[in-house]
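*Asks:* When you get a sec, could you build the whole thing from the sequences and use the hints?
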Amino acid sequence: MKWVRFHHPDISIPVVRRKIALELMEMLQLSALFMTRGGWAVLNRSCYPDKKAYRNATYRLRKAGLVVHRKEEGPEIPRLELTPAAKESLPAYFNPEARWDKKWNTIWYMLVYDVPEADRPYRDVLRRFLKQERLGCLQQSVWVTPRDIRPQFDDLVKAAAVDSFAFLFESRTVLGLPNSRVADQAWNLDRLYDIQRRYCETTEQNLDLLAGSCSDEEVGALMRLALEAFHSAFAEDPLLPSVLLPRNYQGRRAWELHCRMMSAIGQRLGASN
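Residue 65 in UniProt numbering sits at position 65 of the sequence shown; the count goes up by one each step and never skips.
Just so you know, not all the hints are guaranteed correct.
Label pairs and their computed distance ranges (CB to CB) [as the list claims (entries may be wrong)]: (1) 128 to 207: 34 to 42 Å; (2) 87 to 177: 34 to 42 Å; (3) 221 to 246: 28 to 36 Å; (4) 246 to 201: 17 to 25 Å; (5) 137 to 104: 13 to 21 Å; (6) 2 to 103: 40 to 48 Å; (7) 217 to 132: 32 to 40 Å; (8) 221 to 163: 44 to 52 Å; (9) 98 to 159: 21 to 29 Å; (10) 124 to 98: 22 to 30 Å.
These are computed hints drawn from the structure, not numbers from a lab. Beta carbons: idealized from backbone N, C-alpha and C, even for Gly.
*Replies:* Here it is, written out as structure tokens:
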């Protein structure tokens, strides 16, 4: 079976390719949400023929306290499951509805920083923080988010003293602009629309192909492709509250199609077990 690969010309494939350990965590989470236990066993065999790489990945995850082995007996019981810490560490787009449906308090949180070149480590810390929290860039050193990031910023202050170079402000207005304009200027929502629209088209094509005849190995390959595509489709999504989303936002449709894909994969693997 030749699955349709999701690709956007502005996305670099090496950038979106998942490390095996993170990929395994994502699969474990998805198996808990969408798949039968027998289906997970088939998926495990189909996706990871390289047992050494699989064992090394699970060892690292266990050592970090991110996965545990189940003690129950039985061939259909998955041996691994995510710990609460692992679930917390997964990207926010694994539960996007929590972000979309959260009531917004109408406060913008603006992070402003000025980091000298000589203090590059602080700048690197800030960049990781900005990426992790999905802030939008209004200007080169002015970033904004509708989410209350005071606890996370406080952690950075205590851990890295970033308050020497950065400040976090709260405001109900930004430059006197309507909230929709702020969102449009801080994030490239037109680009996001294009990426997620293409993702939806690709996923619909693969759902049609999955309805045909394919082996467990081919379904396992589709699972990995689907995860890469899902990551690519949401990597730049700020997951804004519903009140700030543009009318043509494709994220909800993309999430619905992703859930349909995972459910269909789980049904196919469970039926073949």
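*Asks:* Within 34 to 42 Å: is that where the Cβ-Cβ distance between residue 128 and residue 207 falls?
*Replies:* The hinted range 34 to 42 Å holds for residue 128 and residue 207, with Cβ atoms some 35 Å apart.
*Asks:* Within 17 to 25 Å or not, the Cβ separation of residue 246 and residue 201?
*Replies:* 19 Å, holds
*Asks:* Take a look at whether the Cβ-Cβ distance between residue 221 and residue 246 falls inside 28 to 36 Å.
*Replies:* 34 Å, holds
*Asks:* Per the hint of 21 to 29 Å, is the separation of the Cβ atoms of residue 98 and residue 159 within bounds?
*Replies:* 25 Å, holds
*Asks:* Does 44 to 52 Å hold as the CB distance between residue 221 and residue 163, or does it fail?
*Replies:* At 48 Å between Cβs, range holds.
*Asks:* Does the Cβ distance between residue 2 and residue 103 fall inside 40 to 48 Å?
*Replies:* 45 Å, holds
*Asks:* Cβ-Cβ distance between residue 124 and residue 98: within 22 to 30 Å?
*Replies:* Distance hint for residue 124, residue 98 holds at roughly 29 Å.
*Asks:* Can you tell me whether the CB distance of residue 87 to residue 177 sits inside 34 to 42 Å?
*Replies:* The hinted range 34 to 42 Å holds for residue 87 and residue 177, with Cβ atoms some 37 Å apart.
*Asks:* Is the distance from the Cβ of residue 137 to the Cβ of residue 104 consistent with 13 to 21 Å?
*Replies:* 20 Å, holds
*Asks:* Taking the CB of residue 217 and the CB of residue 132, does the distance hold inside 32 to 40 Å?
*Replies:* 35 Å, holds
When held up to the earlier numbered hints, the structure conflicts with none and fits them all.
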